[in-house]
Amino acid sequence: MEARNSPSIYVAIAALGLIIHILYKVVRSPLRHIPGPITTSFTRLHLGLATISGQQIYYIHDLHQRYGPIVRISPTEISVSSTPEFKEIHRIGSGFVKSDWYSSFTPGREGVFAMQDVKKHAQRRKLFARPFSKTAIRGSWEPTVKEKVQLAVSQIQNELETTGICDILKWSTFLATDVSGHVMFGESFNMLGIGQKNEYIRILESAMKGSGIEAGNLIVAGSDTTAVTLTYLIWVILSHPSLRLQIEKELISLGDDYDEADLESLPVLNATITETLRLYGAAPGSLPRTVPEGGVTLSGFYIPAGTTLYFPIPTGLILHAGYRGTMKPPNKHEWHYLRLEPDLELAWGFISLGWSCAWAQLSFLGGVETYNWLRVLVARV
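Note that full-length UniProt numbering numbers the sequence shown so that position 313 is 313, with each residue one more than the last.
Check before you lean on any hint, since a few could be wrong.
[What the hints assert, rightly or not] Derived lysine-lysine pairs resembling DSS-like cross-links, with alpha carbons at most 25 Å apart:
#, residue 1, residue 2
1, K146, K170
2, K87, K120
3, K119, K87
4, K98, K87
5, K197, K146
6, K87, K126
7, K249, K146
8, K197, K170
9, K87, K332
10, K98, K119
11, K98, K126
12, K120, K98
Just so you know, the hints here were simulated from the structure itself, not pulled from any lab data.
Work the whole structure out from these sequences, hints included.
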């Protein structure tokens, strides 16, 4: 009698019930055919731990290397890393809406980046379309950008002469933020001039916390990403003396009176920018989307409605950013600028979302224009 009522019996029954429940979920799950670790069919624990520890992009990248371009990362979430699927998921009118992650990312008032309602997002995109178009940016703000770049170069030189070292990320951030402020709000924050954040930007940052105001989208999209990319770009060039000499020779060949159009013809400079964007993308997010009614077939696998799809930008750029021609990189995880005819389709990572998200157009100077202005910045520096 005592054995029959022993607590261990109840523990064993509970454990057996849990095992049966897990097996049922594994066998009956509509995602059971998706490659991935067996544990992802019944728990989100590993993904959650990776996210909390700041290792999510590395965890998902490792899974893609082991399982291929489509991989299951939790009972209801899948990660897709190839270019065709990226285009399909993020094109305008695809039906894939932003997941609930966006509502937790920016609680309160929605900005254009986090808007889940398709109609509201389209209306907001329309408001931004004209003032942030390539034509408007280039036609109205080219002199302003050049002026700020010259000031940034001067401040970098002064800091080097004074201290012997220079914080490139600091000056890149001040440069991008000053240009963004001038373009978006009608007045520069003048951080380049004073060499630090001014009181206005501190107040604005404080006001943005938890408020979801649109200014937050504008400032982040317009400064942080450009500053990080420019910093990596300068670091790469300075880390490769032979590359630096080649770029200097290209620039010298143009003479003193060159413009942006002239920079487009420099193969080494452009290959350097492309490869830096591929390997050191400034927005290592996953852009989660929800599969619409009716489901979808991706990479030969049927994905049911309601499933959350991730697109890990670093993985897409490193493993799948294509290059035309016959030259293949020795190691996709290493930096190699000598490539033939670079295909820029994915080189801009998050900015390539320009075909589906107006927020990307705000990313400093939008799409190909950002690429063009990186040429100008490197040439001036």
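Now for the hints, and whether the structure bears them out:
Pair hint K146 plus K170 holds up; C-alpha atoms about 18 Å apart against a cutoff of 25 Å. Using a Cα cut-off of 25 Å, the hinted pair K87 and K120 holds, with the two alpha carbons roughly 22 Å apart. For the given pair, K119 sits about 20 Å from K87 by alpha-carbon distance, which is consistent with the 25 Å threshold. At roughly 15 Å between alpha-carbon atoms, K98 and K87 fall within 25 Å of each other, so this suggested pair holds.
Distance hint between K197 and K146 is fulfilled; the C-alpha atoms sit about 21 Å from each other, no more than 25 Å. For the suggested pair K87 and K126, the alpha carbons sit about 21 Å apart, so the restraint of at most 25 Å is met. Restraint check for K249 and K146: the C-alpha separation of about 22 Å stays at or below 25 Å, so the hint holds. Between K197 and K170 the alpha-carbon distance is near 10 Å, which keeps this suggested pair within the 25 Å criterion.
Distance check on the hinted pair: K87 and K332 sit about 21 Å apart at the alpha-carbon level, within 25 Å; holds. Taken as a hint, the K98 and K119 pair is honoured in the structure, with Cα atoms around 13 Å apart against an allowance of 25 Å. Proximity of K98 to K126 is assessed by CA-CA distance (about 18 Å); at most 25 Å being required, the pair is judged to hold. Under the criterion of a C-alpha separation no larger than 25 Å, the hint pairing K120 with K98 is consistent with the structure, at around 13 Å.
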